[in-house]
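Asks: For reference, the chains in residue letters:
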Amino acid sequence: MIKVSIVGGSGYTGGDLLRILLFHPRVEIQQVTSERHAGKLVSSVHPNLRKICKHKFVPIAELEPCDVLFLGLPHGQMMNRLGEFESLAETLIDLSADFRLHDDAAYETWYGKNHACPDKLDDFVYGIAELHRERLKTAKRISGAGCNATATILALHPLYQAGVVESAVVEVKAGSSQGGNAVSDGSHHPERSGAVRSYKPTAHRHLGEIQQELGADNIHFSATSIEMVRGILATCHVFLNQNLEEKDIWKLYRGAYGNEPFIRIVKERSGIHRYPEPKILAGSNYCDIGFERDPHSNRLVVISALDNLMKGAAGQAVQAFNIAQGFDETTGLEFPGLHP
Amino acid sequence: MGECPVCAAEIEVADDAMAGELLVCEDCGAELELTSLDPVTLAEAPSAEEDWGQ
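Same order as they appear, the protein sequences are chains A and B. Using my numbering, read the first sequence as starting at 4 and increasing by one per residue. Using my numbering, read the second sequence as starting at 5 and increasing by one per residue.
Among the clues, some could well be false.
[What the hints assert, rightly or not] A few chain A positions that, by computed beta-carbon distances, are all more than 12 Å from chain B:
no., residue
1, HIS40
2, CYS56
3, ALA64
4, GLU65
5, GLY189
6, ASN221
7, LEU243
8, SER273
9, GLY329
[Stated by the list, open to error] Below 20 Å or equal to it, Euclidean Cα-Cα: the simulated DMTMM-like pairs (lysine to aspartate or glutamate) are:
no., chain 1, residue 1, chain 2, residue 2
10, A, LYS254, B, GLU25
11, A, LYS123, A, GLU111
12, A, LYS143, A, ASP70
13, A, LYS254, B, ASP20
14, A, LYS254, B, ASP19
15, A, LYS250, B, GLU30
16, A, LYS57, A, GLU31
17, A, LYS203, A, GLU230
18, A, LYS254, B, ASP42
19, A, LYS123, A, GLU133
If you are wondering where the hints come from, they were derived from the structure by calculation, not from laboratory data. Owing to the predicted nature of the structure, the values given are computational and were not obtained by experimental measurement. We put the CB at the ideal spot given by N, CA and C, even for glycine.
Chain A on its own, in the form it takes in the complex:
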């Protein structure tokens, strides 16, 4: 059994990590940390884990050595305590934004401050299995990708890989759980409920990692908060540099994702579920991707959907963990979501 501890386990991502790993046949949960809830039962914060998780939160200062540390700390903390965590576990899987970018200048651009340990940026493998499976097999440092970035990168990767993109404009509709479990003026129920709020029309931080992973800067990104708890729907308007038929697009996506366990091409010809939608993906590790070629222009609309806490965070991290440990990468991630 692999001994796993979760640092920063009281957040929503920590809760989903626990929900997955408590049923993982090759994992033993050793400790779960929370400074604010130290001493309390984990299930007092994650009530879906009542009668399942007997652990109590401990402070980071009481962490003991283990095999793998999953880190769900707020952005900016991990990089300042890296040495401390490296002394506790051979493998670190960081779900914050601290090690997603490989270039310290890019980090400063998107996060507005200097990176605390720029010499360590290249140690981390970006955690999207569909792009970095081979490197993940031997990785000891893994950085989980941003949720919006994951939806966008997976939607567009086959097209950028094929060199067929003139430019792309991405609009993401985002659920409220992206904001974490800390309250803010914006999360107050009378303000948040029913809102359709453009919260980042330009300069969203995830654009840095999107550009890095797609190897392109001809991509633009906006995000809108909507009335949804879990989920992301990314609508990507792609302007093609050549005339491709729908059949050609099919071939590109089938070539990139035909053997991927968690990518589904969703493009039905009838019914009410013709394109990806996040509702049916809640709790699952799938990313559904669909597309439609505009017959009157060079625009291709690519639509992707996922659960931001799963394929966009905890599920993606466990998938990467499975690969790094040599397990079947779907272990613990088989839940297909709910319908209706």
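Given chain A, put chain B in place with the hints provided.
Replies: Below, chain B without anything else, positioned relative to chain A:
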């Protein structure tokens, strides 16, 4: 084996299939007509025509 005219997926055609038979592409869901057997050719089935043989 045939090819879907909509999405280019490979379509398995049974040994005892008959011309005019309807098949569904598992990838894109297109309803296809087996227009010939040797060689195997498939065409997208018209969705709004009558007397379609179903």
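Asks: For the pair we were handed, LYS143/A and ASP70/A, check the Cα-Cα distance against 20 Å.
Replies: Holds, at roughly 10 Å.
Asks: Under the criterion that the straight-line Cα-Cα distance not exceed 20 Å, is the pair LYS203/A, GLU230/A satisfied?
Replies: holds, 16 Å
Asks: Please work out if LYS254/A and GLU25/B have their alpha carbons no farther apart than 20 Å.
Replies: Between LYS254/A and GLU25/B the Cα gap is close to 25 Å, so the pair fails against 20 Å, i.e. violated.
Asks: If you draw a straight line from the CA of LYS123/A to the CA of GLU133/A, is it 20 Å or shorter?
Replies: violated, 23 Å
Asks: Check the non-interface label on ASN221/A: least C-beta distance to chain B beyond 12 Å or not.
Replies: holds, 27 Å
Asks: Measure nothing beyond the straight line between the CA atoms of LYS57/A and GLU31/A; if it is 20 Å or shorter, mark the hint as holding.
Replies: holds, 12 Å
Asks: Regarding the assertion that CYS56/A does not contact chain B, is the least Cβ-Cβ distance greater than 12 Å?
Replies: Label holds. Min Cβ-Cβ 40 Å, cutoff 12 Å.
Asks: Does the claim that ALA64/A lies outside the interface with chain B hold up, using a Cβ gap greater than 12 Å?
Replies: holds, 54 Å
Asks: Going by Cβ atoms, does HIS40/A stay more than 12 Å from chain B at every point?
Replies: HIS40/A clear of chain B: closest Cβ-Cβ about 47 Å, beyond 12 Å.
Asks: Quick one, are LYS250/A and GLU30/B close enough, alpha carbons at most 20 Å?
Replies: With Cα atoms ~14 Å apart, LYS250/A and GLU30/B stay inside 20 Å; holds.
Asks: Does GLU65/A really sit off the interface, with its C-beta more than 12 Å from all C-beta atoms of chain B?
Replies: Correct as stated: the minimum Cβ-Cβ distance to chain B is 52 Å, above 12 Å.
Asks: Could you check that no beta carbon of chain B comes within 12 Å of the beta carbon of GLY329/A?
Replies: Correct as stated: the minimum Cβ-Cβ distance to chain B is 31 Å, above 12 Å.
When each numbered hint is compared with the structure, violations occur for hints 8, 10, 13, 14, 18 and 19.
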